[in-house]
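For the protein sequence lines, the chains are A and B, in the order given.
Once you know that position 116 of the first sequence is 107 in this note's numbering, the rest is easy, because the numbers rise by one and skip nothing.
Convert by adding 4 to the 1-based position in the second sequence; the result is the number in this note's numbering.
Derived from the structure by calculation, the hints contain no laboratory data.
On a predicted model such as this, the values are computed, not experimentally measured, just so you know.
For every residue, glycine included, the Cβ atom is placed at its ideal position computed from N, Cα and C.
It is possible that some hints are incorrect.
Here are some of the chain A residues that sit facing chain B, going by a computed Cβ distance under 7 Å [stated by the list, open to error]:
#1 A3
#2 L6
#3 G303
#4 A313
#5 F344
#6 A357
#7 N359
#8 G362
Just a few of them, taken from the derived set where beta-carbon distance is under 10 Å, the chain A residues facing chain B [to be verified]:
#9 L59
#10 V61
#11 G314
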Amino acid sequence: MRAKRLARFVFALSLASVVWLSALQLFFRPDPLELAGPGITPQAQALARHQLALWGDSAALDQSLDHLRVNNPEWDFMGRTFLVLALANMAERDPSERARYLEVIDRIVADTLRLEAERGHLYFLLPYGRNPGWVDTPVRSLFVDGEIALMLAARCLVEDRPDYHADLEARMRLMHARMTAHPATLCAESYPDECWAFCNAVALAALRAGDRVLGQDHSAFFAAWIENAKENLVDPKTGLLVSKFSLRGEVGDGPEGSSIWMTLHCLWIVDQDFARDQYRRARGELGRTLLGFGYAREWPASWGNHADVDSGPIVPLLEASAGSSGLALLGASTAGDRDYQASLIGSLELAAFPLDGEAQGLRYGAGNQVGDAVLLYSLVCGPLWEKLGAKP
Amino acid sequence: MSEAAPRPRQRWPLGRWLLGLWGFGLPLLLGGVLLVAQVAGWREHTSLLSGTSPGSPAALSQGLIYVGAWFGFVILAPIAVLSTVFDSALTRLFDSPGEGDSCVGTPPELGCGLGGERPDEAQ
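Produce the entire structure from the sequences given, and follow the hints as far as they go.
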């Protein structure tokens, strides 16, 4: 009798698990159709409200950025870039709010340039950026030049600021010169003899956007870069771009989730066919959906697995990475993969602890300012890239 | 059964206690912990999930408690309640009267299930 009762309980438990775990997504996952469209979703509006409030309150901003910098100074910088890109797209989506968004963009740009001037070009880098070993001198990081150039160009694409042109042109000239100086990779350093696909793709996007602003043309360089990347920077097992390599093309880290999603997003306006192929491969190698909830691995199965400052903690068994999953939202949004995007947002709602207040806007307790800015950008991106010729 | 026979002492077998704890006690406990953690504002301290330090060891602990209570309440508690309901329903459906583990004679409010000896088994 006892065995029969136990078997009955195990059956009831299994049935309950199947019923509940199958139904759970219904409470958290948005309708994919809600994510398409020309407007700004309520979720994006709430996220923007928080970010705008932060940049309007210097004490709160200092506290938030100080907290970020303690963890990783790169996050402070990248949070600015993603927010500027998000606001530029929102300005395109909602012209009635354009002036307000541009005013915040200008404040972010001015503050970033001030910090670079006062604290030095390497201020936003991790401490090892101050180590010796830089190949190109004087020391410049493509991470910094690329993202600042992209911020300047994005602002000018929405509404031109001729006083930004000189800085934009100087950074474009420098980036192009440094990238072409290394024929093995056509890439420049972000850290001492350390190139990142992420940073080089951002630099290419900045050149592409800058071309439109300044009337230049780097299309021959873009074609050469893509050809070289296909030959020298693609992992033969997965077909994905590797994330970290030396100027001579010696691979440090293979394809990495926290890098590839933004990389392909930037390449979307450089070579859309190549970027689309990278998305398809990244979705297969890194993107996962379980019970309707989406997440992304940091590393392909063929590359082993380890957590680092970019990936954040990796969930055992699932191999889910917060960094890769957050940026996968941007990849899915870029590729118009609404189903995967909805499943990733479902995971955010379940496991990232939204903190929502009407006045304060929305942020996620499990994340940080840069995570919120990435999410906001992934929800509104599109119009700026379409201006640069990307097809939806 | 004569009128003079003493009323049998109702037993609550271990299995039924465990089932009650699993199906009702655990969800209540998880709900209580989550409520306290929510009111205390510990949801703010869950940034450890993204590798961002919440600021202090105390905040880290509070964040961990909140995360545990949240996932316990959202995933484990409903499964516990549902499995108890299903177990009781299966017992009522499939146990025929007269079987040793049937619920015949059990007051409905006590339910049946794992370890569901009826109270009058003691006679």
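For a quick check of understanding: which of the numbered hints are violated here, in increasing order?
Violated hints: none; all satisfied.
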